[in-house]
Amino acid sequence: MWDNLPLFPAQASTLASRTDALLFFLLAVTSFFTVLIFLMILFFAIKYRRSRHPKAVPIEGNNALELIWSFIPLMIALVIFVWGASVYFSYASVPKDSLQIYGVAKQWMWKFQHADGQREINQLHVPVGRNVAVTLISQDVIHSFFVPAFRVKMDVLPNRYRTTWFNATRTGTYHLFCAEYCGTSHSGMIGEVVVMEPGDYERWLTQNGEGSLASSGEKLFRHYGCISCHRADTGQRGPDLAGLYGKQVFLSDGRSLIADENYIRESIVDPKAKIVAGFQAIMPTFQGQVTEDEMTELVAYIKSLKRMPLNVNPDADIPSPEMRRRNPEVQPAPGEPIKVPNR
Amino acid sequence: MNNVDQPREHYLNADYGIKSWLLTTDHKRIGILYLLLITFFFFIGGAFATVIRLELITPAGDLLTSDTYNKMFTMHGIMMVFFFLIPSVPAVLGNFLVPLMVGAKDLAFPKINLLSWYLLLIGGLITLYSIIAGGVDTGWTFYTPFSTTFSNTHVIGAAVGILIAGFSSIFTGLNFIVTIHRMRAPGLTWFRLPLFLWSNYAAAIIMVLGTPVVAVTLVLVALERVLHIGIFNPALGGDPVLFQHMFWFYSHPAVYIMVLPAMGVVSELISVFSRKSVFGYKFVAFASVAIAVFGFLVWGHHMFVAGISVYSALVFSLLSYLVAVPSAVKVFNWTATLYKGSISYRTPMLYAFGFIGLFTMGGLTGLFTAALGIDVHITDTYFVVAHFHYIMVGGTVMAYLGGMHYWWPKITGRMYPEGWARLSALVIFLGFNLTFFPQFVLGYVGMPRRYHAYPPEFQVLNVMSSAGASILAVGYVLPMVYFLWSLRYGKHAGPNPWGATGLEWQTTSPPPTHNFHETPTVTREPYDYEALPEGGFDA
Numbered sequence: 004m005w006d007n008l009p010l011f012p013a014q015a016s017t018l019a020s021r022t023d024a025l026l027f028f029l030l031a032v033t034s035f036f037t038v039l040i041f042l043m044i045l046f047f048a049i050k051y052r053r054s055r056h057p058k059a060v061p062i063e064g065n066n067a068l069e070l071i072w073s074f075i076p077l078m079i080a081l082v083i084f085v086w087g088a089s090v091y092f093s094y095a096s097v098p099k100d101s102l103q104i105y106g107v108a109k110q111w112m113w114k115f116q117h118a119d120g121q122r123e124i125n126q127l128h129v130p131v132g133r134n135v136a137v138t139l140i141s142q143d144v145i146h147s148f149f150v151p152a153f154r155v156k157m158d159v160l161p162n163r164y165r166t167t168w169f170n171a172t173r174t175g176t177y178h179l180f181c182a183e184y185c186g187t188s189h190s191g192m193i194g195e196v197v198v199m200e201p202g203d204y205e206r207w208l209t210q211n212g213e214g215s216l217a218s219s220g221e222k223l224f225r226h227y228g229c230i231s232c233h234r235a236d237t238g239q240r241g242p243d244l245a246g247l248y249g250k251q252v253f254l255s256d257g258r259s260l261i262a263d264e265n266y267i268r269e270s271i272v273d274p275k276a277k278i279v280a281g282f283q284a285i286m287p288t289f290q291g292q293v294t295e296d297e298m299t300e301l302v303a304y305i306k307s308l309k310r311m312p313l314n315v316n317p318d319a320d321i322p323s324p325e326m327r328r329r330n331p332e333v334q335p336a337p338g339e340p341i342k343v344p345n346r
Numbered sequence: 074m075n076n077v078d079q080p081r082e083h084y085l086n087a088d089y090g091i092k093s094w095l096l097t098t099d100h101k102r103i104g105i106l107y108l109l110l111i112t113f114f115f116f117i118g119g120a121f122a123t124v125i126r127l128e129l130i131t132p133a134g135d136l137l138t139s140d141t142y143n144k145m146f147t148m149h150g151i152m153m154v155f156f157f158l159i160p161s162v163p164a165v166l167g168n169f170l171v172p173l174m175v176g177a178k179d180l181a182f183p184k185i186n187l188l189s190w191y192l193l194l195i196g197g198l199i200t201l202y203s204i205i206a207g208g209v210d211t212g213w214t215f216y217t218p219f220s221t222t223f224s225n226t227h228v229i230g231a232a233v234g235i236l237i238a239g240f241s242s243i244f245t246g247l248n249f250i251v252t253i254h255r256m257r258a259p260g261l262t263w264f265r266l267p268l269f270l271w272s273n274y275a276a277a278i279i280m281v282l283g284t285p286v287v288a289v290t291l292v293l294v295a296l297e298r299v300l301h302i303g304i305f306n307p308a309l310g311g312d313p314v315l316f317q318h319m320f321w322f323y324s325h326p327a328v329y330i331m332v333l334p335a336m337g338v339v340s341e342l343i344s345v346f347s348r349k350s351v352f353g354y355k356f357v358a359f360a361s362v363a364i365a366v367f368g369f370l371v372w373g374h375h376m377f378v379a380g381i382s383v384y385s386a387l388v389f390s391l392l393s394y395l396v397a398v399p400s401a402v403k404v405f406n407w408t409a410t411l412y413k414g415s416i417s418y419r420t421p422m423l424y425a426f427g428f429i430g431l432f433t434m435g436g437l438t439g440l441f442t443a444a445l446g447i448d449v450h451i452t453d454t455y456f457v458v459a460h461f462h463y464i465m466v467g468g469t470v471m472a473y474l475g476g477m478h479y480w481w482p483k484i485t486g487r488m489y490p491e492g493w494a495r496l497s498a499l500v501i502f503l504g505f506n507l508t509f510f511p512q513f514v515l516g517y518v519g520m521p522r523r524y525h526a527y528p529p530e531f532q533v534l535n536v537m538s539s540a541g542a543s544i545l546a547v548g549y550v551l552p553m554v555y556f557l558w559s560l561r562y563g564k565h566a567g568p569n570p571w572g573a574t575g576l577e578w579q580t581t582s583p584p585p586t587h588n589f590h591e592t593p594t595v596t597r598e599p600y601d602y603e604a605l606p607e608g609g610f611d612a
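Residue numbers (this note's numbering), protein chains in the order written: chain A, 4 to 346; chain B, 74 to 612.
Possibly wrong hints are sitting among the right ones.
Distance condition first, Cα-Cα at most 25 angstroms in a straight line; then the derived DSS-like pairs of lysine-lysine [stated by the list, open to error]:
1) A:K222 - A:K309
2) A:K50 - B:K413
3) B:K355 - B:K413
4) B:K178 - A:K58
5) A:K58 - B:K92
6) A:K99 - A:K114
7) A:K250 - A:K275
Hint data in this document are derived by calculation from the structure and do not stem from the laboratory.
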């Protein structure tokens, strides 16, 4: 590989080789048709040039040929479609055993927080050979998390958590780009993903810890006074949050939902949007008071609150509905009927 | 060929003076007005592109500030898309040719036609004003909430300019639809229409149905930006992804506004320079309509990583592959038209070959971007930049220039210089590939689009691209020079220098103000070269 003229990106994730396999198939198919068309034009243009072939033979068309050259491209296109869709399904299905990392994108930097509390800016340290889920939100405009070596890209939206994942296969340092135009220093919103041996990663974690996300979130939970209403013993002013995450919630308007990160977040910035059945809409909004970093910690804290002992398996990592919508094979939350995906 | 030495009255010399042009309702004169206007916009857009390519020669952002660079690519996109490519073939060639090809005296609504030129002029001037007043930095895509809340530039000015230009497009489309329906010469049935009309008809449907959506979208952007009504910005209760749905609902079909009329031009050129009917006429005609209809159903393929559900992504990917089929059918039919033809290598044919080459590569790389798994990696990179330039510039501009050469004798009564013109086709084809092919590689390697500065390993490919752009620029300036030269020194063209069959060739060159001395009657299929009195021209 020439350093000055890379013709192919590094393959550093499980998804990269699958994406590239489809790329090579497409290159073969499209090269074949390009060469075919070019050669036919060249051949006809020379063979039937006017000096040699002064009189054209009138030919109207041929229905059989039309059907053949509609049908064959259609079949090839369908093969590409199915192949592309299967890669996309893998991309969109976050494995439930993933190491969870949170990040906030803002003009013009990336901030990441690891579960144990390590924070980093424009750098993301991850272990090799492990599924890593990155849940991202934007503080301002739309950004896009793009790691070419992993063939992973996801737009990062304001007001909505989205999760992407990868499994790095090679240690090293790789580019992280913002791929969605976001204003003045868009091209400066770059960083690097550092893929480390698991042991090195563990060491790195212990060197930089500042207390876990959940414990920071607990402090904020007291600081903002959430705790004064959201307790089991406060006479039903606010719903008890223990075991909330991943559980079915019934709303006062008859709807129900599964509590995920986006629901928890919405309930903090816009509490009146979804009122839990049996409660009054008395909670004030915290929009503009809680930063996205703090929000991440609060959500992590609420997620960490232990479930009621009635739950089947309190240690199981319950996937969010978002994750389940993307990958129906992930196990459903307690109380939710198992859906058979039709593909 | 007839030698037209005596002064004869035609649309160019029927009247003189600036008022006779600015107040004309003659579709041919309005076509010329469009030609002048969009050439002006093209060179402005080209100047921005030049600055972009100069900046990208080095990895560091050293020529411009980031803000200036962002304004450059924004204005390049806005100028080229809304003020050059969308009007190019329909507004210049379509305006000139649609009435001639149907055997009519003018378009159905000549005054609305003039109005639509003024709307493009006013829209363009407002947009130019917002450039001079400080520019716009949102990208031509105006993504929210950046455009509604965070950008401090002249977003409203550009939006108003585009909105007004959009009405120009709607009126042109309306005029074409009514003219083709109502004003065909006796005997000119639908299946006797030249394919140029079929494809402009299909594009006109998109103009009329699609453009109002982008108008609504831009109004909503303005409402949120000025009055802080929450539509797209989540901080105000809006949804930023909604904007993308609305924007692409127009802006994807807009690609077909650019490329369908171009395909129509190519069908005419391939036919006349092979002296054969277009192979599978009805399939090519219906393929245009199919592209126009399916084109409205694929907008979501711009949003595979933007936050739409997996299942809607599946549907949009599948539909995108379905729209690929009629495009492939057209390419096969053009190629098959050459079979047993009598092929001449005049300049318009070289441009048509160039179109097929570049459009094929642009279309086939669309198979990559429509494949969900690959699009995740290549969307918002230079791969996409290369892909759409192959379609919109490689395809549309090749066909537009090919059409300009082909109909130049009809428009002006003069021939262009053949040697120089062939050279221009070659220079543009080579320059184009050198400019944009490296960008496919650049994109897959991972360079995001709209980057002012980039990691040093991407430099060689960027330098290749910039070198190609300088060749391409020469290729685009050449025709401007010799077209002007030919107005005075070009050989006189007879009424039908190519031995073509279309009605436009049955009148004099340049045509009289009312196009035909007597209303033509059509008794034959569109490409019946057997019926012509003399068998064409020298190759």
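Here's how the hints hold up against the structure:
no. : hint            : in the structure
1   : A:K222 - A:K309 : holds, 17 angstroms
2   : A:K50 - B:K413  : holds, 8 angstroms
3   : B:K355 - B:K413 : holds, 20 angstroms
4   : B:K178 - A:K58  : violated, 34 angstroms
5   : A:K58 - B:K92   : violated, 49 angstroms
6   : A:K99 - A:K114  : holds, 23 angstroms
7   : A:K250 - A:K275 : holds, 20 angstroms
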